[in-house]
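There are 2 protein chains.
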Amino acid sequence: MLLGALEAGGTKMVASIGDEHGKIIDRASFPTLSPSETMPALIAYFKQHAIEGLGIACFGPLDLNHDSDTYGYITTTPKQGWGNYPILPELCSALGVPTEIDTDVGAAALAEFELGAAKGLGSCLYMTVGTGVGGGVIANGALVHGLVHPEVGHILLKPHPKDPTPNGFCPFHEGCLEGLAMGPSFDKRWGISSKDLPTDHIGWEIEAYYLAQLCEMAIVVLSSECIILGGGVMQQKFLFPMIREQTLKLLNGYVAHDRVLNHIDQMIVEPGLGIHSGVTGALLLGAHAARK
Amino acid sequence: MLLGALEAGGTKMVASIGDEHGKIIDRASFPTLSPSETMPALIAYFKQHAIEGLGIACFGPLDLNHDSDTYGYITTTPKQGWGNYPILPELCSALGVPTEIDTDVGAAALAEFELGAAKGLGSCLYMTVGTGVGGGVIANGALVHGLVHPEVGHILLKPHPKDPTPNGFCPFHEGCLEGLAMGPSFDKRWGISSKDLPTDHIGWEIEAYYLAQLCEMAIVVLSSECIILGGGVMQQKFLFPMIREQTLKLLNGYVAHDRVLNHIDQMIVEPGLGIHSGVTGALLLGAHAARK
Chain A
1 MLLGALEAGG
11 TKMVASIGDE
21 HGKIIDRASF
31 PTLSPSETMP
41 ALIAYFKQHA
51 IEGLGIACFG
61 PLDLNHDSDT
71 YGYITTTPKQ
81 GWGNYPILPE
91 LCSALGVPTE
101 IDTDVGAAAL
111 AEFELGAAKG
121 LGSCLYMTVG
131 TGVGGGVIAN
141 GALVHGLVHP
151 EVGHILLKPH
161 PKDPTPNGFC
171 PFHEGCLEGL
181 AMGPSFDKRW
191 GISSKDLPTD
201 HIGWEIEAYY
211 LAQLCEMAIV
221 VLSSECIILG
231 GGVMQQKFLF
241 PMIREQTLKL
251 LNGYVAHDRV
261 LNHIDQMIVE
271 PGLGIHSGVT
281 GALLLGAHAA
291 RK
Chain B
1001 MLLGALEAGG
1011 TKMVASIGDE
1021 HGKIIDRASF
1031 PTLSPSETMP
1041 ALIAYFKQHA
1051 IEGLGIACFG
1061 PLDLNHDSDT
1071 YGYITTTPKQ
1081 GWGNYPILPE
1091 LCSALGVPTE
1101 IDTDVGAAAL
1111 AEFELGAAKG
1121 LGSCLYMTVG
1131 TGVGGGVIAN
1141 GALVHGLVHP
1151 EVGHILLKPH
1161 PKDPTPNGFC
1171 PFHEGCLEGL
1181 AMGPSFDKRW
1191 GISSKDLPTD
1201 HIGWEIEAYY
1211 LAQLCEMAIV
1221 VLSSECIILG
1231 GGVMQQKFLF
1241 PMIREQTLKL
1251 LNGYVAHDRV
1261 LNHIDQMIVE
1271 PGLGIHSGVT
1281 GALLLGAHAA
1291 RK
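Line by line, the protein sequences give chains A and B. Heads up, the first sequence stops at 292 in the working numbering, and the numbers go up one at a time, no gaps. Heads up, the second sequence stops at 1292 in the working numbering, and the numbers go up one at a time, no gaps.
Bound conformation, chain A alone:
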């Protein structure tokens, strides 16, 4: 099945052509300017290919309520020109193919669930820890939507006792996960980028502690079988064993499941699809749309 995938980000839009197995055969990137500049370029690109469905993995917040008049709109973003923008309706009508949309992290969660690290399970949490922190949730085999969609980066955390900046750096929330654990928090807290911070610096212990709290939350709230941590900060692979160890300490034996107690290395993992979770998820959304 020939499918289109759009990864819509704040700085660039990546358009891809591929199939329902995640195979990509063509790709093009466009800067995110105003909709009137960017959309025609995207539409022209997709029109070159005989796609049967389109999936959009988009920055949020989005209206994902199928009963809403503004289904498939980007809603309250501060990004110039994209607030209340009908990205799904515009692409769907211009291209004349079935189209489905989710958040960028929701699409990545779907891809990891169907084809990646959580394949064969019933639930997972996909998180990206980079310039921001966000997550997509799969429960009972489906992406969790509700009021809107998850914004997992904004849970409040118990501060690490040695964190000199326990309120973090989120403009909305004092002490939320994103504000405490995003990549730029390293520069702001320690005056040095995470890439240059020595591996034995306490900043890493603090980072692992916050991400372990996220993992603990995923286990006790979502009962997630798999927590997939991607994004720029997670390129520091030594964080994984630190996070696993802290998660077990925080749980303290409370969830006495074999997978937690004896296989935490299979529960808290890298993305199975590497950096391709997002585009693969968009292709899967396109395949879902085409099959409907």
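What the hints contain is simulated information worked out from the structure, not anything from laboratory work. Being a predicted model, the structure only gives us computed values, none of them experimental. Check each hint, because a few of them may be wrong.
Claimed, not checked - Pair by pair, the computed Cβ-Cβ distance ranges are: (1) B/T1165 x A/K23: 51 to 59 Å; (2) A/P161 x B/N1252: 19 to 27 Å; (3) A/D26 x B/E1245: 47 to 55 Å; (4) A/D67 x B/G1191: 45 to 53 Å; (5) B/N1252 x A/A94: 30 to 38 Å; (6) B/D1258 x A/I24: 33 to 41 Å.
Glycine included, every Cβ here is placed at the ideal spot set by N, Cα and C.
Mind docking chain B on chain A? Use the hints.
Using the frame of chain A, we list chain B on its own:
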């Protein structure tokens, strides 16, 4: 449809006969002794009625994985005699009727979702705040299971700056919701029961702050449309407006949905079924089983 409902608790077992609309026509209570003492009494009670299905709302942890050899077992409870006890298989084979099981709070969440405060919505969180703190989660119209089932009482919280005991009183976790906000925490923190604590005591502000963090979490992680707070502590009805106000402060406009911004009084609510959420949920589980 004539159905059986068992509310299995640590101190008593309440057996009810009712229908799929939650109407109860008979009820009996038995002390929770050992299985060999309590189970025959329960079985004899249910055998008096021509029930077509049985639902069990049970203290946890439970094995709810249908593919597991120990599906429907109580697992690691310290309650004498009930550890690794096959409560569903035993009742199902003794009574010869389709039987379904969930946690006590899962059943209550189901009841509130189908017939109570969250009727007509697609998602909710039901929490009980009493001698313990626990929750059941509905997402995309179904009870969330995964690794096991949610244990929402054990999320870690950001401590209130004026809490003299910010680690709380959970034997497993320093600073988890249950340890900080359960009914007995009032006695331990202030030397006075929550029932006797003056309404203007800072203890209530602290309690509201912790429950507001729970609500904030439910909105950003689960995207819950409705958060239902029941249990003994929530009989102090003045807590509801305090929790709503604190939740809005914690969110700080981040989830810009009309329901949050303008109808928080419809989002954070009392149980629509009063104290009958649990038994109603057990009847609904029995109805689900009978229809399968």
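Would you pick out the hints that fail for this structure and give their numbers low to high? Violated hints: none; all satisfied.
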